[in-house]
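Enquirer: As they're listed, the protein sequences go chains A, B and C. Each residue of the first sequence is one higher than the one before, counting from 46 in the working numbering. Each residue of the second sequence is one higher than the one before, counting from 2 in the working numbering. Each residue of the third sequence is one higher than the one before, counting from 29 in the working numbering.
Bear in mind the hints are in silico, worked out from the structure with no lab data behind them. Since the model is a prediction, treat every value here as computed from it, not as a measurement. Each hint should be verified, as a subset may be incorrect.
[Unchecked claim] Below, in silico cross-link-like pairs of lysine-lysine (DSS-like), each with a Cα-Cα straight-line distance of 25 Å or less:
#, chain 1, residue 1, chain 2, residue 2
1, A, K96, B, K163
2, C, K631, A, K293
3, C, K200, C, K302
4, B, K68, C, K631
5, B, K68, A, K96
6, C, K200, C, K159
7, A, K301, C, K631
8, B, K183, A, K96
Chain residues, written in single-letter form:
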Amino acid sequence: MAAPPRHVSMLSISNSNAGTPQSASSDKPQTPQPPSTPQQASGLRVPSNRKTIYDRHLNRSRNAELSRASFAYLFAEMVTYAQRRVTGIQDLEKRLNEQGYPLGLRLLDLLFYRSTSTSSSALSSSSTSSSPPNRPLRILPLLHLIHGPLWRLLFQRSADALEHSVSPDTPNEYMITDNDPLVNTYISVPREMNMLNCAAYIAGVIEGVCDGCGFEAKVSAHNQPTEMWPSRTVFLLRFGDSVMEREKVLERAGIK
Amino acid sequence: MSYYFTILSPTDTPIFNIAFGTSKGGGDGIARFRFPDTAQYMNQFIIHSSLDILEEAQWTNGGMYLKHIDTYPPASAYISAFLTPSGARFLLLHQPPQLPSSGSSSALGASSLLGSSGSTTRASSSSVAANPTSPQTEEAVRQFMSEVYESFVKTAMSPFYKQGMEIRSPVFRSKITAAGKKWL
Amino acid sequence: MTSPGDGTPVKPPPSFSPGVARNASKSRYPDESEATASLDAELADAHTGSSPTSPLPTATAELPIRSSSPQSRSGRSSTPQLARSSIGSPFDGRSDGSEDIRSLIIRAFSPTVAIYASEDTDALVRNKGFKGGFWDLVRPFGETIPGKVVIRDSIGSSRAWEDYGVRFVNIKGLGAANAARDSPLAQMEEVLEKQLDSGEDTLGGPISGKDVLGIPATTPLSKLFLRQLLSSTPATPHETFGHPVASVIAISSRNTAPLETLRQLYAESSTGEKRLPDWIQQDYLRYYVLIHDEERDDIAESTKLYDQMKRHFGLHCHLLRLRSSQCVVTDDDSIQVPPCEWLSPREHLSGVGEAETLVDLGTDGTPYLFDSDATAIKTFIRELMVQSVIPFMENRVAVWNDQVASRRRGISGRLAAVSRRWPFGSSSRSGIGSSGGNSGNYDTTQNFYAPESPEATLRKMADFAFMLRDWKLAASTYDMIRSDFGNDKAWKYHAGAHEMCAVSMLLNPLAMSAKIKLESVDQMFETACYSYLTRCSDAPHALRSLTLAVELLKSRGGSATETAARWAMRVMDFGLVESIGQILFMERVAACYASKTPVTGAKWGARRRKAGMWSILAADQWLKAGKPSLASACLEEAERLYADVLEADGAFPMPEMQTFVDNLRHAVKVEYLEARGFDARDESPIEDPIGTEEISEKLDKRSHRRSLIGLPAQLDAGNLKLSPGPGTLEEAPNDDFERA
Numbered sequence: 046m047a048a049p050p051r052h053v054s055m056l057s058i059s060n061s062n063a064g065t066p067q068s069a070s071s072d073k074p075q076t077p078q079p080p081s082t083p084q085q086a087s088g089l090r091v092p093s094n095r096k097t098i099y100d101r102h103l104n105r106s107r108n109a110e111l112s113r114a115s116f117a118y119l120f121a122e123m124v125t126y127a128q129r130r131v132t133g134i135q136d137l138e139k140r141l142n143e144q145g146y147p148l149g150l151r152l153l154d155l156l157f158y159r160s161t162s163t164s165s166s167a168l169s170s171s172s173t174s175s176s177p178p179n180r181p182l183r184i185l186p187l188l189h190l191i192h193g194p195l196w197r198l199l200f201q202r203s204a205d206a207l208e209h210s211v212s213p214d215t216p217n218e219y220m221i222t223d224n225d226p227l228v229n230t231y232i233s234v235p236r237e238m239n240m241l242n243c244a245a246y247i248a249g250v251i252e253g254v255c256d257g258c259g260f261e262a263k264v265s266a267h268n269q270p271t272e273m274w275p276s277r278t279v280f281l282l283r284f285g286d287s288v289m290e291r292e293k294v295l296e297r298a299g300i301k
Numbered sequence: 002m003s004y005y006f007t008i009l010s011p012t013d014t015p016i017f018n019i020a021f022g023t024s025k026g027g028g029d030g031i032a033r034f035r036f037p038d039t040a041q042y043m044n045q046f047i048i049h050s051s052l053d054i055l056e057e058a059q060w061t062n063g064g065m066y067l068k069h070i071d072t073y074p075p076a077s078a079y080i081s082a083f084l085t086p087s088g089a090r091f092l093l094l095h096q097p098p099q100l101p102s103s104g105s106s107s108a109l110g111a112s113s114l115l116g117s118s119g120s121t122t123r124a125s126s127s128s129v130a131a132n133p134t135s136p137q138t139e140e141a142v143r144q145f146m147s148e149v150y151e152s153f154v155k156t157a158m159s160p161f162y163k164q165g166m167e168i169r170s171p172v173f174r175s176k177i178t179a180a181g182k183k184w185l
Numbered sequence: 029m030t031s032p033g034d035g036t037p038v039k040p041p042p043s044f045s046p047g048v049a050r051n052a053s054k055s056r057y058p059d060e061s062e063a064t065a066s067l068d069a070e071l072a073d074a075h076t077g078s079s080p081t082s083p084l085p086t087a088t089a090e091l092p093i094r095s096s097s098p099q100s101r102s103g104r105s106s107t108p109q110l111a112r113s114s115i116g117s118p119f120d121g122r123s124d125g126s127e128d129i130r131s132l133i134i135r136a137f138s139p140t141v142a143i144y145a146s147e148d149t150d151a152l153v154r155n156k157g158f159k160g161g162f163w164d165l166v167r168p169f170g171e172t173i174p175g176k177v178v179i180r181d182s183i184g185s186s187r188a189w190e191d192y193g194v195r196f197v198n199i200k201g202l203g204a205a206n207a208a209r210d211s212p213l214a215q216m217e218e219v220l221e222k223q224l225d226s227g228e229d230t231l232g233g234p235i236s237g238k239d240v241l242g243i244p245a246t247t248p249l250s251k252l253f254l255r256q257l258l259s260s261t262p263a264t265p266h267e268t269f270g271h272p273v274a275s276v277i278a279i280s281s282r283n284t285a286p287l288e289t290l291r292q293l294y295a296e297s298s299t300g301e302k303r304l305p306d307w308i309q310q311d312y313l314r315y316y317v318l319i320h321d322e323e324r325d326d327i328a329e330s331t332k333l334y335d336q337m338k339r340h341f342g343l344h345c346h347l348l349r350l351r352s353s354q355c356v357v358t359d360d361d362s363i364q365v366p367p368c369e370w371l372s373p374r375e376h377l378s379g380v381g382e383a384e385t386l387v388d389l390g391t392d393g394t395p396y397l398f399d400s401d402a403t404a405i406k407t408f409i410r411e412l413m414v415q416s417v418i419p420f421m422e423n424r425v426a427v428w429n430d431q432v433a434s435r436r437r438g439i440s441g442r443l444a445a446v447s448r449r450w451p452f453g454s455s456s457r458s459g460i461g462s463s464g465g466n467s468g469n470y471d472t473t474q475n476f477y478a479p480e481s482p483e484a485t486l487r488k489m490a491d492f493a494f495m496l497r498d499w500k501l502a503a504s505t506y507d508m509i510r511s512d513f514g515n516d517k518a519w520k521y522h523a524g525a526h527e528m529c530a531v532s533m534l535l536n537p538l539a540m541s542a543k544i545k546l547e548s549v550d551q552m553f554e555t556a557c558y559s560y561l562t563r564c565s566d567a568p569h570a571l572r573s574l575t576l577a578v579e580l581l582k583s584r585g586g587s588a589t590e591t592a593a594r595w596a597m598r599v600m601d602f603g604l605v606e607s608i609g610q611i612l613f614m615e616r617v618a619a620c621y622a623s624k625t626p627v628t629g630a631k632w633g634a635r636r637r638k639a640g641m642w643s644i645l646a647a648d649q650w651l652k653a654g655k656p657s658l659a660s661a662c663l664e665e666a667e668r669l670y671a672d673v674l675e676a677d678g679a680f681p682m683p684e685m686q687t688f689v690d691n692l693r694h695a696v697k698v699e700y701l702e703a704r705g706f707d708a709r710d711e712s713p714i715e716d717p718i719g720t721e722e723i724s725e726k727l728d729k730r731s732h733r734r735s736l737i738g739l740p741a742q743l744d745a746g747n748l749k750l751s752p753g754p755g756t757l758e759e760a761p762n763d764d765f766e767r768a
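Kindly produce the complete structure, drawing on both the sequences and the hints.
Expert: Next comes the structure, spelled out in structure tokens:
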């Protein structure tokens, strides 16, 4: 395993390797040994420098970057680990999805924390700049949150497209497109597994974000290569009935 | 003013709670609720019942700090709420001290203790303790909630913490106590 | 974790559940209710049969017949305890129940008719077994007038009412009634206690109090409370509900000098010793009744006398034919006299209402009446109301509206009102009636307005409109005068006008859609309550207005239910009710919250947790009051309420709550069984309170993540045109991967 990051609560570690913006999305499963674990109530081990996670600042690492090589290595390990026990492609994707889910929940809290604690918000370009952001109450603000701030937090750029299903039968389906998902950059899928898309992990992250905000949803990742973008991936979000019902109520109440 | 602070998971499970009293205006930081000691379950009942209001406010107000959302008039218990984006609920029950005229003997003791610190008590108590719905109180509670939120996010970032798990860290507790002392 | 299987702490086992007792008592019921129902049916039949022959010779021809005939009466029984004995959940007052409460409140404000009978009449009736005389005989029948009663409102549209009633009072008690009156609130508490105790005593203890004796569930108890409250307030100057709209002057065919007696009775009641207090307007309707003794006197004589009466006194006369002998159960055509619904707490305590409180209908002491007598009395009351009293009231309202209200509404009236508030414009003050200045018509030494003053007249007009159920006119009239009373510092009038203005606004089914209205109603109750309580120290009226606020706001539904709950808490806070009343109001708070329904399509908007909490608290209080059966009913109700918001196993998320509820359940169970004669002490206590270990186990549940459950199978990639793929649906092997 790679050396742990300096501390877990930070998302990025500075990077000297690649000039391109980098992701921190993999820091969750990669850390078997965080420096401090105050949750173990009985045998609390305070680090030698007397600094617990509560003494560290959540914003210190916000502009730092993580080594792309180490990320690629860790993600590869995750996929291998997941694959070891699965029965098929679907199962593998489900596992990747499950690994992403808790990250989504955490990112949500971190995202809002960072945008409230400083005025130059990571969320800024979405809508409001200085006032604390609102929790998304409707589907559209939620999707903008994912498409913009979340993607920027993970990949330092927005996602490439946001679409609503045109079919009247599936008004609950939305699509977010990433032309070149970072997680798939170093992955070459064998021919017999060509249905597999390892961005299922990111789908899990999205699902965690949706669920955390109270939008029951199922999210899956699908390959949709084009000439220009061979690894183009579409994330399909399907919201549950309860969400759609609530949408109607909130629309009537005039809540945006 | 006495406070009972609870963090509830998205599934209503309490993951942290603490009771404390005001430290402003000579308060000793010890909670003195109006219920007898045998009836401390009332705090939980009141908080639990305020979830009805919270669930409604949650979808009409997009802010994280929802301010004072509910009151339980028989005990003058006021509930303020803060909602994290991931669905954890911070609920603060605050209860002004019982007026000496109608107070029981224990409340009398508390108020005389407050009274001993003289005029400064009154000056500062008008800011937070006296009026649970004043803008000053709202602001103080908001500051308190924000500090709790920071500690909560730090907790949530730990890979050994799963959502919905009880927070048992003594460091977390001391952080909350400090925030209470600072703002409330 | 408590599995749904060992549900003891969650649901009381059947052996413990009061359902057993309930079944038992239910089985006692059918016969009785059937018996009464059939009696009732017979009565109706008899009514149909005899009405053509009933003695209404000609007098009615000129008057418009304003209603359908008596036989068209609805199924609504004239014996109210039948309706009350239906067994239901304490909180079923949501749809039909709230109508019920509204009807109860409306009927509480029925017109009052004073009865003044000659000695010979009372003697005749006493012979029949009615100790109170003629008043005692007719009173129960006045509470529901058979058939529809059609009333025209101020704009000329008519509406038929099935549940119209009249309150008969004895003229002898009217003036004296409010002289010596020791706290009706304490009396009410006593009545409630008595009712609860009798509930348990009559059947020898064990059966739960709420299953018997007309208290089948909690709502009936609070209904009893409400009825008590609304009938406890005597006639007062500041409102005219207790003032007679008419008086019935009755003589019998035994009288030797009938016309002289009638004149004498009239004189006594208007100028003599039976004259009503000064604050009652004296020009009420007089109605003359001749009671013909079927057994001793000649009908031809009586008819002749009756014709004479009509010549002398006009059309407001009636010939009532009664048999003079006492009726007993064993007589062929005996029927039971319906119990009085509106007994004041004092009457309850003095045992007048014994017949009502005892559900056992066969109990001795209940008076019986010949069928023909009952029919004759009903016909009499119907005629009295439909042909005389209601037209009289309609007429008065129209006249006052025309003469007093419109002037007050007009420019000069408004000017006068303004100038009264700003006492510099004394020259423009002549606009209204005899008003002479700021405190013009208010007699500050005796604290009432002269009955002829415009203020008192407007109040009376509003009250008449209210009793005629023209709430729109009533509300606007109260609204018009409420500030005048404040200017005059007539605080009780002030409070009363605010109270009734709010009440009539709430009763008006059409008005009040906007929230603003609700706020103004709230404000009016606030003012009324303050004036009653703080300025006048009139706790009974304050309690009445707040209780009306609670019940009417609750029946409005929506956000008004929360306001209702708040008022109920205020009642407790003010200490207007004593221990049993406090518990009843706790139940009302729970019922108010329980009646709030969620927003359609959304999961929020209900107040189940709040309702559940108040039910639990009420259960705790019932237990402390030594009524385990009522406590158990509240607990069951709480379970039902909490069922929607708790996890499937019914466990509370908070450990101290769970412990408290478990202990409460256990205590209720023990006391309940003890009350039934079992020793429950040795029973093993409820399962150990849930330990921390179990709690943290619960925490691991991932119920939050609904979205993952069953994801792969349903969201089969093959369904999506994007990327068809072979789905492998085998069970996923267990994994120790981190899950949130």
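Enquirer: None of the hints should be skipped; say for each whether it holds.
Expert: Hint-by-hint comparison with the structure:
no.: 1; hint: A/K96 to B/K163; result: 22 Å, holds
no.: 2; hint: C/K631 to A/K293; result: 13 Å, holds
no.: 3; hint: C/K200 to C/K302; result: 7 Å, holds
no.: 4; hint: B/K68 to C/K631; result: 21 Å, holds
no.: 5; hint: B/K68 to A/K96; result: 33 Å, violated
no.: 6; hint: C/K200 to C/K159; result: 15 Å, holds
no.: 7; hint: A/K301 to C/K631; result: 18 Å, holds
no.: 8; hint: B/K183 to A/K96; result: 21 Å, holds
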